[in-house]
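Participant: This is what each chain is made of:
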Amino acid sequence: MNKFLIIFSIVFSLSKIGSAQFRSKGSIEFTRSVNQKLNFQLEADEDFKKNSFYKEILKQLSTNAESYFKMDYNKVQTVYFFDKDGETKSKMNFGGKIAEENTVIQNFKSNQITAQKAVFEKDLIIQDSIPQYLWKIHDEQRTIAGYPCRKATTIINDSVVVVAFYTDQIMVSSGPESFGGLPGMILGLAIPRLYTTWFATKVNDVELPESQIKKIKKGKAVTYSEMNKDLESRLKEWGKHGQAILWKCTL
Amino acid sequence: MVNKRHYSILLVLISICFSQLVSAQYKIQGTLVDTNNFMELKYATISVMSSSDSVLRAYTRAEEGGSFQLEVKDTGRYFIRYSHPLYASFVEDVSVKDVSTVLGNISMISLETALDEFIVKESRSITIKGDTIEYTADSFKVRDFATVDELLRKLPGIEIDKNGKISAYGKNVDKMLVDGDEFFSDDPAVLAKMLRASSIDKVQVFDNKSEQARLSGIDDGEVGKAINLTLKDDAKQGYFGKVEAGVGTNKYYQGQAMINRYRKKEKLSAYLVGSNTKKVGLGWEDANNYGSGMGSRFIDEDGGMVTTYESGGEDFGGFGGNFYGEGLPQTINGGVHYDNKYGKDDKHSFGLDYRINSNIVNGYRNSYSKYIMPDTQYLSSNKSDFRNANLLNTISGNTKIEIDSLNTLTIRLNGSHNRSESRQNVFSNNSNINNELINQNSRNTSGNTKTNKLGTNVVYTKKFKLEGRSLMANFAGDYNESKANTEFVSSSQFFSTGNEINYNQIKKDSSQSYSSGLDVSYNEPLIKEKLFLNLSAGLNYNNSNSSKATYDKNPSGEDSLNDLFSSRTKYSVFTNSVGANLRYSSKPWKLSGGVRLNYSQTANQDLFRDTTYQQNYKNIFPNFSVSYGKSRNSNISLRYNGASRQPSLNQIQVFTQNSDPLNIRIGNPNLVQEFRHSFNLSFSDYKVLSEQYFYMGGGITLVDNALSESQTLTPDGVRTYQTVNLDGNWNANLWSNYSFKVKPLKASLNLGLNGNYNETNTLLNQTLNKSNNFSIGPNIGLQKWVDTGFAYEISFNPNYNINKNSVNSQVKTNLFSYGLNVDLSYKFSFGLEAGIENKWQYREKMDANDKNNNLFISNFFLNKSFLKDRSLRLRLEGNDLFNQNIGLSRNNYNNIITDSEYSTLQRYFMVTLTWNFTKSKALGQSQDSNSTSLSF
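Residue numbers (numbering that gives the first Met the number 0), protein chains in the order written: chain A, 0 to 250; chain B, 0 to 935.
This is chain A alone, in the form it adopts within the complex (with noise of 0.2 Å):
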């Protein structure tokens, strides 16, 4: 009777855990942060890192820009949006900030991507259907924001490199920006050639109130390459920083 009594009971936690290991609704903080001196340097056309305003700009460059950003997430949508400017600013915003504060809802039942970006001047909503991408899977893990997370990499413009840190113990396939796609819930995510990565900080088992998740206001959507074509007419004689820009819009 003891025995068994032990057993049940040792049974019985262990599926009260098992059942607490695994999420589908919540929210999520992320950290965006970008490598500026590197960014600098990438998006400099080879003219102009002759100028010595260039040494001069990445001299006083802080390291790393970061930025805050929150995602509210269940089985139906996630709604990824900008929170606030950490405090080391960004300051690379020559003429405006380029697609740095978006907000992106990716809805799982209708198949859709609603995202704002903001542009330079131009406020871009775009709508299409959430974009696949061929996620490659490592056997490398680390830990984020306490999760177990399991690397896979993809490529996007075909040739940039898109590193993610994924933990199936979420069960809504989404992530930063646009991303998703895999096993679980993308905690960690890096571009190489944009110096940029995010990482979730905080994993919350409560979704956000209604009140506090960003709203995508209302106004003429366009689909991903028409927004691409777009941009494209317009950054063709931009050099290497159109062609970031076209990488940071398209994300």
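One thing to keep in mind: the hints can contain errors.
Said to hold, decoys possible - Below, simulated SDA-like cross-link-like pairs (lysine to any residue); rule was C-alpha separation at most 25 Å, straight line: (1) A/121 - B/738; (2) B/452 - B/543; (3) A/219 - B/691.
Claimed, not checked - One-sided and incomplete, this derived list gives chain A residues near chain B with beta-carbon spacing under 8 Å: (4) 21; (5) 118; (6) 121; (7) 134; (8) 136; (9) 167; (10) 168; (11) 181.
Rather than coming from a laboratory, the hints here were simulated on the basis of the structure. It should be emphasised that the depicted structure is a prediction, and the values quoted were computed from it without experimental measurement. We put the beta carbon where it would ideally sit given N, CA and C, even for glycine.
Knowing the structure of chain A, use the given hints to seat chain B on it.
Facilitator: Here is chain B on its own, set in the frame of chain A:
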């Protein structure tokens, strides 16, 4: 009947086939079970990857009871990973051949059971954790000029696959750092291929959070494997420079040589420029590369880029190293600059500069002026030729000491010595409106001046832990002394009276002045990131001694002092002030406002006549500004500030200046300060993507007690000037610009409008004259820039100027003028560029006798670059092809219109050869030296 049945069977078959084709799905199903405990395996993750490339093809979660089912699009070899937080995840190879693959029961082993196995795994990773494996690069032989990735391949334990992906001890390298600067390695495109292996000192492989955090300063709370490359000190060395030589017709020449050498943290640069063309100094770019960095650029809090340009003080040569003055220059400019870093972590830096500047300018200047007086007008003609020579030596040094992360001390010292010689012959006369000569003067002035300057500036900044709180103290001290000796011979004839005045004098001027001041400013954030308080206080003392002694030459005996034209003055200003400013910033508003209370005592002591004029001012300087910008790209702002201006020593010194006997200036010791109220409104809007920019601004300035001018004309045509305080002066201005891209032309069009209105009160023969001057002009420009092909820049600037004087309102001098520039160039892809620059200038005739109204200057150039890196350039240029250039200027202001012409560079042709050279050690691929110094 039969046919029909057959037909329908066929249809069914086709539709089956078709549906197979469309959704060719291959089902995989199975059930996860825990054979030891009877636990729920719900929500376990099942991921299916292609065996060939590990790409995720499908995933699902186990149902209640552990069953799962998923679909892949193709047959082939896959591996499936089963994972659950409480179970050991494992991988199974599966071969999918049929529409349905049944895997049956799959046992999962709970972590408790598998504990032993895991401990083994963990212990293996622990042997790496916390250790830094360091390789000394030189002990691994690589080819000459090999890049870093080749070196890494040689290191045991480090592997690079064909895609450039780096792994260390079987684990992927997340980050690559260079001397502690962060870099991600997943993208192999950049660093490993960019750096030369021979420049690497050590390769460190580590898996240590604290170490990484220490090196990169970033602590993301995660542990990652990283490689740090440390560079050899001598890798951070190299040099770049430029040599240029040009010869032209009419003995024109220009030459430049400059070099910038850097080694570790030290930089040495030197330059020498010599020419008799307009090119007299370092261009903007060169000044930054080879000078001490005369300008500075920084990024403001809004992310905008701010550029400041300090013209080198008394340095000869204007904007961008070109000469825009009157006459023909002949210059030699040279300088040496050295800077280095020292102390722990190279936190401190110092720089030293020496510059020498020699220039000689020869030329002539002829000017014709019309003076409008209450009852009549006068014409004045002035012809002069001059020669000025200057030799300036400047030395300066600065050091910046970062005591710690919060305290910084900057000390600057500079000194200069200048000797100049000048000679001038002038012939001038005045006539009345009927062209009858009233008087005439001819004079020769020759003299020399020596000036010494010393200055120091000490700035201490303290930041506090609390963001936004800071303290700054600034001490500045300056000492100037100057001595001038001038020989002055003049003879004037006055035809109405038949008088004649002759001077043969020696003028010995000397002055010393020193000033020192301490300003302290404190910033306190009252509401984080929103409201800031700034408190400031200052104490400044300025003391000048000026002695102007004029001696009449006595051929037979000793020179005698002429009291009328001599003076000795001691002038001191003592100021103390306190101020408070509040700044509020919350999108979209930015407000700031404050007040500065200022108490100043001025003492003007006339030592000759033993009188002292004392004035005390209590000033309130208010300021406010409001700025509204809903987005970063659009902003409207309004600003006000009040400021006072003290009269200069020259304006108050009690004596008569007779250096031009027909235009005499006398001092006014009773002058008081003027006070200016300035209002400015500006609006800007820019659209980056569509390349549209719009700026508009306007301002009004009202002046109380303006330091204005009194002109007295004696019957024999001698004008006497004195500065007086007058009320009622004000001016307004407007400027605007709109530029946008004209898509079909791929060019940008610029449209602007500028206007200016001045109301100036002066005294003409003690009668108050109110002059109204209004000028307005649009500007239109069209420009296109291309890398290769046809480029142009066209601009048209008409201007209309209306001038009225209340003393003689019949005389209106409304004048029209315009400028038109057309620059065309063509760049060929093989390094040849040809261009022509045309400039038209038109101005309306002042009167019927006026000549020189039109000017057409045309220049051409031909550039050809040689060598693979285009480092050698040959330039052929022709300046003023039609030999039409005359220096021209017109000034239509108050009651005087002056037209001048002066000697300037005319037609010449020149061939210039330029060689840019560069050498740097660390970079493998690119020879660009600038980018070397960045990576560190």
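Participant: Does each hint hold? Answer for all of them.
Facilitator: For each hint, the structure was consulted:
1. A/121 - B/738: Given pair residue 121 of chain A, residue 738 of chain B holds - Cα atoms ~18 Å apart, limit 25 Å.
2. B/452 - B/543: Between residue 452 of chain B and residue 543 of chain B the Cα gap is close to 14 Å, so the pair holds against 25 Å.
3. A/219 - B/691: Holds, at about 22 Å.
4. 21: With a minimum Cβ separation of about 5 Å from chain B (threshold 8 Å), the hint on residue 21 of chain A holds.
5. 118: Status holds, d = 7 Å.
6. 121: Result: holds, 6 Å to nearest chain B Cβ.
7. 134: holds, 4 Å
8. 136: holds, 5 Å
9. 167: This hint holds: residue 167 of chain A lies near chain B, its Cβ roughly 4 Å from the closest one there, short of 8 Å.
10. 168: It holds, given that the least Cβ distance between residue 168 of chain A and chain B is near 6 Å, below 8 Å.
11. 181: Interface hint status for residue 181 of chain A: holds (7 Å vs cutoff 8 Å).
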